[in-house]
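Q: Please put together the full structure from these sequences, using the hints given.
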Amino acid sequence: MSEAFSDTNTLQLEIFPSRLLKPETAQNLLNEIADLSGVIRLFVHGPRLPQTVPYGPATGMPVNHPGNTVIEVGGQAIELAVYVGSIRMEVIDADVKEQVREVCEDLLPVSFEFREGNFIPRRQTVTDYAKRGPGADPMMIGMTDPKGKLKNHPVCILKPEKDE
Amino acid sequence: MAYEPQYYPGATSVAENRRKHMSGKVEKLREISDDDLTLVLGHRAPGSDYPSTHPPLAEMGEPECSIRELVEPTAGAKAGDRVRYVQFVDSMYNAPATPYFRSYNAAINFRGVDPGTLSGRQVVEARERDMEEIAKFQMETEMTCPALASLRGATVHGHSLRLPEDGVMFDMLDRCRKEGDVIIMHKDQVGRPIDKKVNLGKPMSADEAAKRTTIYRVDNVAFRDDSEVIEWVHRVFDQRTAYGFKPEN
Chain X
236 MSEAFSDTNT LQLEIFPSRL LKPETAQNLL NEIADLSGVI RLFVHGPRLP QTVPYGPATG
296 MPVNHPGNTV IEVGGQAIEL AVYVGSIRME VIDADVKEQV REVCEDLLPV SFEFREGNFI
356 PRRQTVTDYA KRGPGADPMM IGMTDPKGKL KNHPVCILKP EKDE
Chain A
13 MAYEPQYYPG ATSVAENRRK HMSGKVEKLR EISDDDLTLV LGHRAPGSDY PSTHPPLAEM
73 GEPECSIREL VEPTAGAKAG DRVRYVQFVD SMYNAPATPY FRSYNAAINF RGVDPGTLSG
133 RQVVEARERD MEEIAKFQME TEMTCPALAS LRGATVHGHS LRLPEDGVMF DMLDRCRKEG
193 DVIIMHKDQV GRPIDKKVNL GKPMSADEAA KRTTIYRVDN VAFRDDSEVI EWVHRVFDQR
253 TAYGFKPEN
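As you go down the protein sequences, you meet chains X and A in turn.
In short: position in the first sequence from 1, add 235, done, that's my numbering.
In short: position in the second sequence from 1, add 12, done, that's my numbering.
Nothing false has been slipped in among the hints.
With the Cβ distance kept under 10 Å, some of the chain X side facing chain A (calculated, not the full set): (1) P252; (2) S253; (3) R254; (4) L255; (5) K257; (6) G281; (7) T294; (8) M296; (9) N299; (10) P301; (11) G302; (12) G320.
No lab work stands behind these hints: they were computed from the structure.
These numbers come from a predicted model, not from an experiment.
The beta-carbon is built from N, C-alpha and C at its ideal position, and this holds for glycine as well.
A: Right, here's the structure in full:
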């Protein structure tokens with residue numbers, strides 16, 4: 236793993252659709268983005284979907300939300316724990332950024348905001364240190380599900396051969 | 013000349029809708045049967061008697077009291093019903109009502125109610141049959157769009173989130189769904205599955221919701237467009253500041 240992944244030369248992007256995306260739309264979009272070369276890492280962001288009712292008289296009953304489904308991205312099954320509200324990613328340069336924008340324009344059925352900024356920490360934070368300890372993979376910096384457990388492998392590596 | 017309450021200032025469609033909600037002169041848009049309503053409220057089984065918390069007032073023998081003689085008890089109080097609640101959540105994306113206007117509607121037009129107004133939800137507590145009357149009124153009229161407002165007794169998250177692609181306000185407990193061109197509710201207001209799908213009617217189109225909303229939004233009718241409302245809001249704030257200011261000497 237190279238240190239370049241936490242390099243400031245990379246660009247970070249956010250795709251922010253005007254509506255929350257259905258799992259099918261999210262799957263199509265993520266597949267197209269995963270096919271682009273030059274996307275280093277990304278995560279989806281949105282309201283969490285609980286497996287069971289968290290409080291009230293129905294506490295503990297299964298929810299079976301249609302958004303809580305398994306999508307297939309780059310040949311790997313990923314369980315969606317959130318309703319996709321935005322996608323944040325790191326790409327290598329401005330060309331890839333334009334390719335991502337084209338994919339969004341083709342696939343998103345709703346209007347969207349597309350912006351460049353700082354969305355994933357580039358340096359190790361206290362949280363990263365607490366979760367992964369010293370000498371953690373720089374690729375994993377900031378890729379933390381605040382409510383997930385590391386043992387559940389919340390981070391999915393789609394193209395492991397390219398990380399070598 | 014009889015006094016006609018004016019309820020709310022302003023010349024825009026939003027101000028007009030606010031007056032409608034407060035006065036209770038709203039258009040009825042859909043029909044929801046009593047059994048369906050009982051099912052989605054989830055307080056008792058449809059068709060069952062109202063459980064009571066005390067005997068009917070007529071049997072209790074009330075003490076002599078001029079106020080009791082003056083005020084006719086509501087149907088629920090007369091029968092000794094339990095106090096139960098209904099809670100609504102309205103989306104910020106042009107839902108017809110807002111918590112404040114649901115509360116104004118309940119407090120002005122119904123008796124024996126205890127409306128609770130919160131930022132994202134609005135709850136009304138009342139004797140069970142009185143509460144059902146309000147719930148039915150608000151659900152059947154233009155105060156509610158089944159896609160942009162929903163009954164949520166617990167887990168109300170969603171009013172301030174972007175709408176999902178199908179336009180039905182996000183609900184993490186998935187109580188409402190769009191099936192065909194209507195919205196159905198297949199869980200009660202706290203998220204327990206119910207025996208049948210309750211049809212809540214067709215959702216409003218985006219244009220209709222924008223026309224019927226009581227929410228000022230920059231992308232629809234902006235608050236600053238309504239000069240009369242601005243004038244009155246300023247007046248209220250000025251005066252309450254002036255009267256609240258009480259120098260000791």
